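Listed here are the chains, written in short residue letters.
There are 2 protein chains.
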Amino acid sequence: MTEISTLGEFALIKRLTEKITIRNGSTIRGTGDDAAVLRYADKETLVTTDLLLEGIHFDLTYVPMKHLGYKSAVVNFSDVYAMNGQPRQITVSLGVSKRLSVEALEDFYEGLRLACEIYGVDIVGGDTSASLTGLCISITCIGEAEKGRIVYRDAASNTDLICVSGDLGAAYMGLQLLEREKTVFRGEKDFEPDFAGKEYLLERQLKPEARRDIIKSLHESDILPTSMIDISDGLSSELLHICHASGVGCRIYEDRLPIDYQTAFMAEQFNMSLTTAALNGGEDYELLFTVPVALHDRIEAQGGVKIIGFICEASSGAGLIARDGTEIPLVAQGWTSLTES
Amino acid sequence: MTEISTLGEFALIKRLTEKITIRNGSTIRGTGDDAAVLRYADKETLVTTDLLLEGIHFDLTYVPMKHLGYKSAVVNFSDVYAMNGQPRQITVSLGVSKRLSVEALEDFYEGLRLACEIYGVDIVGGDTSASLTGLCISITCIGEAEKGRIVYRDAASNTDLICVSGDLGAAYMGLQLLEREKTVFRGEKDFEPDFAGKEYLLERQLKPEARRDIIKSLHESDILPTSMIDISDGLSSELLHICHASGVGCRIYEDRLPIDYQTAFMAEQFNMSLTTAALNGGEDYELLFTVPVALHDRIEAQGGVKIIGFICEASSGAGLIARDGTEIPLVAQGWTSLTES
Chain D
79 MTEISTLGEF ALIKRLTEKI TIRNGSTIRG TGDDAAVLRY ADKETLVTTD LLLEGIHFDL
139 TYVPMKHLGY KSAVVNFSDV YAMNGQPRQI TVSLGVSKRL SVEALEDFYE GLRLACEIYG
199 VDIVGGDTSA SLTGLCISIT CIGEAEKGRI VYRDAASNTD LICVSGDLGA AYMGLQLLER
259 EKTVFRGEKD FEPDFAGKEY LLERQLKPEA RRDIIKSLHE SDILPTSMID ISDGLSSELL
319 HICHASGVGC RIYEDRLPID YQTAFMAEQF NMSLTTAALN GGEDYELLFT VPVALHDRIE
379 AQGGVKIIGF ICEASSGAGL IARDGTEIPL VAQGWTSLTE S
Chain U
79 MTEISTLGEF ALIKRLTEKI TIRNGSTIRG TGDDAAVLRY ADKETLVTTD LLLEGIHFDL
139 TYVPMKHLGY KSAVVNFSDV YAMNGQPRQI TVSLGVSKRL SVEALEDFYE GLRLACEIYG
199 VDIVGGDTSA SLTGLCISIT CIGEAEKGRI VYRDAASNTD LICVSGDLGA AYMGLQLLER
259 EKTVFRGEKD FEPDFAGKEY LLERQLKPEA RRDIIKSLHE SDILPTSMID ISDGLSSELL
319 HICHASGVGC RIYEDRLPID YQTAFMAEQF NMSLTTAALN GGEDYELLFT VPVALHDRIE
379 AQGGVKIIGF ICEASSGAGL IARDGTEIPL VAQGWTSLTE S
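One line per chain: the protein sequences are D and U, in this order. Offset between the first sequence (1-based) and my numbering: plus 78. Offset between the second sequence (1-based) and my numbering: plus 78.
Only chain D is shown next, with the shape it has when bound in the complex:
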């Protein structure tokens, strides 16, 4: 018997999926990217799915149900944008324990509906069932993209620039903050947590947004990335996905990592490495993408996007160039929920 923890995510998924064959002409791309690509006519159909489990992905002691609904939808939209597509429909399956009230589920749906309204998405189905244990949320998102405009993670080339939207590590710091307040809260009955000045970190953790705006502005600037992925498991992990899928290496610069001042302040307070938070924090839902070096000036002129490094040959490996000029190999530490628990 092989325990799952001895394999890790990638090896496990490989073992589970390597015998899968594709047999329909309408299946353009199956497993292995942010979304599956299907072709039903003159548009491509994108499908992506996420499973969120209580105690693993969220903690109901400090996550409001409305925010949970919003976030559950948005993380799926993010996967569709990361293919350069537009989310169009979601299905929602819930396993609910007796402990939850109808009002709590309504709050959850209110968050879902709000996200769908903002992003122009329809809820088109689902399944609701009892759960003997915690809350279980499974969302599938279907989207569309123009033929020839889908951006995969496997086409980054040597000398391409590596770009990232927004800033990194804030959602992770928000989580640390919530976890700390939860611990303090346990001891006091009328405890009121003080989150003043930390609103951004909480928002990034509890109510993340998908970068539709970046997809739109890249399109308007006529920039088609060579590869793209959304940052859900941390920059390191996602960049290694691109490198591995594209058969290339990379260098990123520590002093180019985009970090908000609140993130930096909290890292200081918690005595944590800011770079580690930015590299491995996860749940940023920013876009990580590569563009040909010829587009350098156009990207520089682009709002909300920062060049953090470049793609190199696979033989050079994947590395971070630290502030002092030393080179540190990038390692994927993002995804741990399967091996940790």
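Hints were generated in silico from the structure; no laboratory data involved. These figures come from a predicted structure and were not determined experimentally. Just to be clear, a hint being listed does not mean it is correct.
Pairs count within a copy or across copies, as identical chains cannot be separated in the list.
[Claimed, not checked] Dumping the calculated DSS-like pairs for lysine-lysine here, alpha-carbon to alpha-carbon at most 30 Å:
no.	residue 1	residue 2
1	Lys121	Lys225
2	Lys260	Lys384
3	Lys121	Lys294
4	Lys225	Lys294
5	Lys176	Lys260
6	Lys294	Lys384
7	Lys276	Lys260
8	Lys285	Lys260
9	Lys384	Lys276
Given chain D's structure and the hints, the job is docking chain U onto it.
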């Protein structure tokens, strides 16, 4: 605070979904049927999803993982066939507890792949995560259908014939059998259950098939049902869905209910009502559909399909005509997993 158990499934779903609005032209039909209908060009895209939770939908003490994988896929295909469509792709999300071995998950995927091979479906994505508790399975199936050939549940008309494929109640009897053997098994160490002569019941419970053959033969006979649904929660419940959605009533005849002799034999042994098993057993995955009365002879000539009653006006209600000629109102008792636990 309203407890979920006080509402029941339909009221709960209504409360959760009534504020949902549809805003894309590509969404032809959203919540409320076996599958959502999307239009991306000259074919309709069907999407359906199912969530299966350990302890609620399956018991790993007697369900082999390979069978569980097979069944998880097939129950989704069944929903697509019930719209007169063809399943094409599935996504698979799993929440797995530490207790499960890699081999067990491989067995699960083997079952999935087998089902996909037989039904010509591609696995195109998913999500695998840890679960603090039991196994959690979420499958979404995407399918296609010819424009104008989709069969909904809301278009049954007065005088239509009510038809059902295969036979009913066997999967429920298979479950009773497995539950009984499990109880006996608890007392003895080297207990070997004797299932001789009951293979059909076990197969119906553990390895159900979706009725692709019926969809094919109806098509070949140029029969387009006016309404259709697959029987997952019991004949009564599904027939009431059709009646409610179509604004009609119905009469079915007890002596026309198709029942296998093994089912009848086990009902006798268990001292259970055979009719109750056929009406409310669930998990039959047969097709329930209506056709215009003008097609009576063509349906009679159809293999594997039986006429069990007729559609009447809504004011006449929904009833079963018993063997002795008395009339018993139909009630939905199928779906209980949310209120029971």
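Going down the list of hints, with the structure as the test:
no., hint, result
1, Lys121 <-> Lys225, "both (6 Å within a copy, 17 Å between copies)"
2, Lys260 <-> Lys384, "neither (35 Å within a copy, 61 Å between copies)"
3, Lys121 <-> Lys294, "both (18 Å within a copy, 28 Å between copies)"
4, Lys225 <-> Lys294, "within (17 Å within a copy, 32 Å between copies)"
5, Lys176 <-> Lys260, "both (24 Å within a copy, 26 Å between copies)"
6, Lys294 <-> Lys384, "within (16 Å within a copy, 55 Å between copies)"
7, Lys276 <-> Lys260, "within (16 Å within a copy, 55 Å between copies)"
8, Lys285 <-> Lys260, "within (18 Å within a copy, 46 Å between copies)"
9, Lys384 <-> Lys276, "within (24 Å within a copy, 66 Å between copies)"
Of the numbered hints listed earlier, the single one contradicted by the structure is hint 2.
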